[in-house]
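A.B. asks: As you go down the protein sequences, you meet chains B and S in turn. Here the working numbering is used: the first residue of the first sequence is 310, the next is one more, and so on. Here the working numbering is used: the first residue of the second sequence is 310, the next is one more, and so on.
Read the hints as simulated data drawn from the structure, not as lab findings. Check the hints yourself; a few may be wrong.
Note: identical chains are not told apart, hence a pair may lie in one copy or across any two.
Derived EDC-like pairs: lysine to aspartate or glutamate, alpha-carbon spacing no greater than 16 Å straight-line [claimed, not checked]:
id : residue 1 : residue 2
1  : 453       : 438
2  : 430       : 387
3  : 453       : 400
4  : 502       : 364
5  : 465       : 372
6  : 449       : 400
7  : 385       : 372
8  : 453       : 424
Take a look at the letters that make up each chain.
There are 2 protein chains.
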Amino acid sequence: MSVSHGIVEKRGDTPIYNSTILDSVDFNRHRASFNPPITPDNLGEEFVMRPLCLEDFERGYMELLDEHVPNGLINKEEFTERFNKMKKAGDIHLITVIEDVTTNKTIASATLVNELKFLMKATSRGRIEDVVVSKPYRGKQFGKILLETLTLLAEKLGCYESSLECEQKNITYYSKFGYQVEPNDQYMTLRFK
Amino acid sequence: MSVSHGIVEKRGDTPIYNSTILDSVDFNRHRASFNPPITPDNLGEEFVMRPLCLEDFERGYMELLDEHVPNGLINKEEFTERFNKMKKAGDIHLITVIEDVTTNKTIASATLVNELKFLMKATSRGRIEDVVVSKPYRGKQFGKILLETLTLLAEKLGCYESSLECEQKNITYYSKFGYQVEPNDQYMTLRFK
Numbered sequence: 310m311s312v313s314h315g316i317v318e319k320r321g322d323t324p325i326y327n328s329t330i331l332d333s334v335d336f337n338r339h340r341a342s343f344n345p346p347i348t349p350d351n352l353g354e355e356f357v358m359r360p361l362c363l364e365d366f367e368r369g370y371m372e373l374l375d376e377h378v379p380n381g382l383i384n385k386e387e388f389t390e391r392f393n394k395m396k397k398a399g400d401i402h403l404i405t406v407i408e409d410v411t412t413n414k415t416i417a418s419a420t421l422v423n424e425l426k427f428l429m430k431a432t433s434r435g436r437i438e439d440v441v442v443s444k445p446y447r448g449k450q451f452g453k454i455l456l457e458t459l460t461l462l463a464e465k466l467g468c469y470e471s472s473l474e475c476e477q478k479n480i481t482y483y484s485k486f487g488y489q490v491e492p493n494d495q496y497m498t499l500r501f502k
Numbered sequence: 310m311s312v313s314h315g316i317v318e319k320r321g322d323t324p325i326y327n328s329t330i331l332d333s334v335d336f337n338r339h340r341a342s343f344n345p346p347i348t349p350d351n352l353g354e355e356f357v358m359r360p361l362c363l364e365d366f367e368r369g370y371m372e373l374l375d376e377h378v379p380n381g382l383i384n385k386e387e388f389t390e391r392f393n394k395m396k397k398a399g400d401i402h403l404i405t406v407i408e409d410v411t412t413n414k415t416i417a418s419a420t421l422v423n424e425l426k427f428l429m430k431a432t433s434r435g436r437i438e439d440v441v442v443s444k445p446y447r448g449k450q451f452g453k454i455l456l457e458t459l460t461l462l463a464e465k466l467g468c469y470e471s472s473l474e475c476e477q478k479n480i481t482y483y484s485k486f487g488y489q490v491e492p493n494d495q496y497m498t499l500r501f502k
């Protein structure tokens, strides 16, 4: 049993997606290099990668996201409602976290959105969203390993592509994972809030 | 009762999202201009805008998508399975079509993906995907009105932003709907297939 699945099972937590999906990822196929070498199943003794769980509200999950985009806290009831809506949607919002098991805090998070389509023989498309690592835990390759793992997961789930948005200055960084800017593609946004 | 809701109800079709959601859009707030003026509820006598329905497999829906990305046809069983998976996910893949009611064919389609998030007080983000109009029906502003309607729908659903990808040459076109290129944002893709 993987570390990820083990901790979810042992606690009887409610994961947002089945933690065995994470085990299906063949990390040997990773594209970026890790120095020192770490894997999703071996992040160091204090750390575990696993799906977001309902119980992570008590483990500082919203405070973690607040480091990424401030002033967005919600209460437990609101968290539970949103969690249940995502879980019910069925393996579309694959939110994956890293926990520091010595403090029981979620300290990193990233999301793979598995967007379903009818075209291309009912394929899907992956999107990497909201990669966040808590400040005291930066420099441990946690953002990198979450990104790599979710990219491999997108491929495993049968996505025809994975995409992400980044700042101009980070293009070189993301290209190490195999992501490319396609010169003719343009990305446009309309902000409502 | 709106035209959209009326036709779905009358036939007893199974819509991928509740057709009354479309009625909630206040089209008076549109940003682009339409000449001649058309609205989602008044596209001309032969045309109706409504959610994709399970029954659209028989109304040429896959052939319509095949004009956008070829060689992607699936059979009825595969269509039904994918449709049910999306419907069960609950108002995430808001696929909206235009039907020519004189031929009973779906002749245009666009998707609003309503991606759920925890951050920003459990907000969501809209994405416009796969806008396609069948060749004989181009020049009737159908792509335009689908895009405008789904953009207003994203706003109505509480998305903090809506985004889309387009070719470089179409930036001016999409800017009429309020979409903008944000100079520092970069979009990167990793293709698996």
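A.B. asks: Each hint needs a verdict: does it hold in this structure or not?
C.D. replies: Here is what the structure says about each hint:
1. For a Cα distance limit of 16 Å, the shortest separation of residue 453 from residue 438 inside one copy, 13 Å, qualifies, whereas the shortest one across copies, 28 Å, does not.
2. Taking the closest pair of Cα atoms, residue 430 and residue 387 come within 16 Å of each other only across two copies (8 Å); inside a single copy the shortest separation is 37 Å, beyond that limit.
3. In this assembly of identical chains, residue 453 and residue 400 lie within 16 Å of each other by CA distance neither inside one copy nor across copies; the values are 22 Å within and 32 Å between.
4. Neither within a single protomer nor between protomers do residue 502 and residue 364 lie at most 16 Å apart by alpha-carbon distance, with minima of 30 Å and 37 Å respectively.
5. Taking the closest pair of Cα atoms, residue 465 and residue 372 never come within 16 Å of each other, the shortest separation being 31 Å inside a single copy and 28 Å across copies.
6. For the homomeric pair residue 449 and residue 400, neither the shortest alpha-carbon distance inside one copy (28 Å) nor that between copies (38 Å) is at most 16 Å.
7. Only within a single protomer do residue 385 and residue 372 lie at most 16 Å apart by alpha-carbon distance; the minimum there is 12 Å, versus 46 Å between protomers.
8. For the identical chains of this complex, residue 453 and residue 424 are neighbours neither inside a copy (22 Å) nor across copies (23 Å), given an alpha-carbon limit of 16 Å.
Going through the hint list in order, the structure does not satisfy hints 3, 4, 5, 6 and 8.
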